[in-house]
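Chemist: As a plain string of letters, each chain reads:
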Amino acid sequence: MIDSQTHGAWQDMAGVTALSYQRMTLDADDLARFWRRCSLSSDFWSRYSALFVPATVPPGRLNRAALESVLAYLLNELFENCAKFSGGPVGIVRYQAWIQSDSMTFQLTNHIEPERQPAFTHFIRELLENDPDELYFRRLEENAEANVQGSGLGYLTLIKDYGIRFGFQFSAIGDQSVAVEVQAHVSMKEM
Amino acid sequence: MLAVEQIKGDEYTVEHDPGAHTVTFKGTIRLQTSDDYLPMTQLLQAAHDSAAGERLSLDFRQLQFLNSSGISTISKFVIGAASRISFSSTWWAITISTGSRSRWAISRSSGPRFR
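Top to bottom, those sequences are chains A and B. Position one of the first sequence corresponds to residue 15 (the working numbering), numbered consecutively onward. Position one of the second sequence corresponds to residue 1205 (the working numbering), numbered consecutively onward.
These are calculated hints, taken from the structure and not from any lab test. Here the structure is a predicted model, which is why all the values come from computation and not from measurement. Just so you know, even glycine gets a beta-carbon here, dropped at the ideal spot from N, CA and C. Each hint should be verified, as a subset may be incorrect.
Restricting the straight-line Cα-Cα distance to at most 27 angstroms, the calculated cross-link-like pairs of lysine-lysine (DSS-like) are [said to hold, decoys possible]:
id: 1; chain 1: B; residue 1: Lys1212; chain 2: B; residue 2: Lys1230
id: 2; chain 1: B; residue 1: Lys1212; chain 2: A; residue 2: Lys98
id: 3; chain 1: B; residue 1: Lys1230; chain 2: A; residue 2: Lys174
id: 4; chain 1: B; residue 1: Lys1230; chain 2: A; residue 2: Lys98
id: 5; chain 1: A; residue 1: Lys203; chain 2: A; residue 2: Lys174
So these bits of chain B aren't anywhere near chain A, every CB distance computed over 12 angstroms [what the hints assert, rightly or not]:
id: 6; residue: Asp1253
id: 7; residue: Ala1255
id: 8; residue: Ala1256
id: 9; residue: Phe1264
id: 10; residue: Leu1270
Some chain A residues judged to face chain B by a derived CB distance under 7 angstroms, without partners named [stated by the list, open to error]:
id: 11; residue: Gln114
id: 12; residue: Ala158
id: 13; residue: Gly168
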């Protein structure tokens, strides 16, 4: 039995029927060592995923170029977070994506030291329980006064400008490591 | 004639034209840390100083991509600049919209967002 906690729009994807499923495993140190690997990975998967959108779409649905632009920003933020915030004995970063007809779900998994979980949980709860516009401006102001690492501006932009819904799961792996899974649900409908 | 200052990376350039009081951002900017963004912060501060009370324009029309660290860097500069300028009736608000690649704006608004 794995001890796990979930927050926000977390969905158990085990039983989900997808049109297509992709996965890739990387090493967090490799991403941090050459930062360009984050954008390389996000550019690759954003293009790959956007090709599931037909060349022409009915009104009200995201076209291929618009979706690719959304995904490039989303995935770059998620890969950068894995590179920035991984720690402890497990260095694996896992990318997974489920393509469905009306939505796409992306899941990035990285690992942190157990002592960092409470602060991250607090960060997530603030993100999920506040008005995103208000929190965005509050974070901009705080950020202007001090150099805050992990201000949440990336997540907030994605929530308020792109309508992306996030879910989070923490799972203890032994007593040295916690797997952090971040799920992003992207609707294929225009906002 | 004042010289144009430029920061050039693999995928981007940031240019300050002191004659036109404009800083132009082009390409894709996805740097790692605030230290990596320091040259851009310094260029923006120098541009602000050299504008000496004139309007300074930040031109994002050719910017294709900016990561959240970049949004943070630029908004930090704008908030800092706004705090050094006094406005009689309006307040500064910042909207850096990343909804599509061409939609960027840092604008003045009537909402009391910043002091």
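Chemist: Now tell me if each hint is right for this structure.
Modeler: Here is what the structure says about each hint:
Among the hinted pairs, lysine 1212 (chain B) with lysine 1230 (chain B) is consistent with the structure: their alpha-carbon atoms are about 10 angstroms apart, no more than 27 angstroms. Between lysine 1212 (chain B) and lysine 98 (chain A) the CA atoms are separated by roughly 24 angstroms; this keeps the pair inside 27 angstroms, and the hint holds. For the proposed pair lysine 1230 (chain B) and lysine 174 (chain A), the alpha carbon gap of about 25 angstroms is at most 27 angstroms, so the pair holds. The hinted pair formed by lysine 1230 (chain B) and lysine 98 (chain A) meets the criterion: a straight-line CA distance of about 25 angstroms does not exceed 27 angstroms.
For the hint linking lysine 203 (chain A) to lysine 174 (chain A), the alpha-carbon distance of about 15 angstroms falls within 27 angstroms, and the restraint holds. At the 12 angstroms boundary, the C-beta of aspartate 1253 (chain B) stays outside the reach of chain A, the nearest C-beta of that chain being 18 angstroms off. Distance check for alanine 1255 (chain B) against chain A: the nearest CB is about 20 angstroms away, which clears 12 angstroms, and the non-interface claim stands. With a closest Cβ-Cβ approach of about 22 angstroms to chain A, alanine 1256 (chain B) is found to remain outside the 12 angstroms limit, as its non-interface label requires.
A cut-off of 12 angstroms between C-beta atoms confirms that phenylalanine 1264 (chain B) is not in contact with chain A; the least separation is 15 angstroms. Some Cβ of chain A comes within 12 angstroms of the Cβ of leucine 1270 (chain B); the nearest lies about 9 angstroms off, and the non-interface call is violated. Below 7 angstroms, beta-carbon pairs count as interface contacts, and glutamine 114 (chain A) has none with chain B, the closest being about 22 angstroms; its hint is therefore violated. For alanine 158 (chain A), the interface hint holds, the least distance from its beta-carbon to any beta-carbon of chain B being 4 angstroms, beneath 7 angstroms.
For glycine 168 (chain A), the shortest C-beta to C-beta distance to chain B is roughly 3 angstroms, which falls under 7 angstroms, so the interface hint holds.
Of the numbered hints listed earlier, those contradicted by the structure are 10, 11.
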